[in-house]
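So the protein lines, in turn, are chains A and B. Take any residue in the first sequence, note its place counting from 1, add 181, and you have its number in our numbering. Take any residue in the second sequence, note its place counting from 1, add 1, and you have its number in our numbering.
Treat each hint with caution, since some may be false.
Said to hold, decoys possible - When the alpha-carbon atoms are kept at most 25 Å apart in a straight line, the in silico BS3-like pairs for lysine-lysine are as follows: (1) A:238 / B:53; (2) A:190 / A:225; (3) A:238 / B:4; (4) B:70 / A:238.
None of these hints come from the bench; they were simulated from the model.
One letter stands for each residue in the lines below.
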Amino acid sequence: NAGVTQTPKFRILKIGQSMTLQCAQDMNHNYMYWYRQDPGMGLKLIYYSVGAGITDKGEVPNGYNVSRSTTEDFPLRLELAAPSQTSVYFCASSNNALGLAGGGENIQYFGAGTRLSVL
Amino acid sequence: DAKTTQPTSMDCAEGRAANLPCNHSTISGNEYVYWYRQIHSQGPQYIIHGLKNNETNEMASLIITEDRKSSTLILPHATLRDTAVYYCIVRAVRSGGGADGLTFGKGTHLIIQP
């Protein structure tokens, strides 16, 4: 079972360069997410998507862009890399199964992460 | 979503039960308690969640107090591979399925000692 696949695993960028972090899931989940995790800290939400063609900002969207042209893929774009974007990036996906209270639950499945350094 | 408080770190002997506490005294009636863990250099992994009743699955048990202001995650027979950071997250039920993200704090660093 592949689950959520992220590429690349590691990358070093120079200030001002751009790159795309790839994320793909094979669980037919509608919802996908991008988080970043700085050393010793918890995860912070960058962007999320509720389905193909629909994206929305999370807590820390500045400096990033996303697109969602298919259910499976949710790439994250860094246009002008800055040292402050040095972090580990995690992609996640979830379904919207009905929960105990009759509403939506949110069990997220995460990829292995992309470790990015901007020098 | 309600704020959670967890100890920074805990030790547990291999083979013993690991009991990880979480305080969520401001939890609302429609908020679930979720537990995730993150093994070093890996992505977070879902463990278990519950609303008001105790829950058990193949990984762990979740005990929620009657007033729902605190909970305990129990790993019944801890192994060295259970060494990880454990996150307790409280999150409201969202209409439409819950499309926004989870709020991760700093969690509890559980160290299983051989």
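Which hints, by number, does the structure contradict?
1, 4
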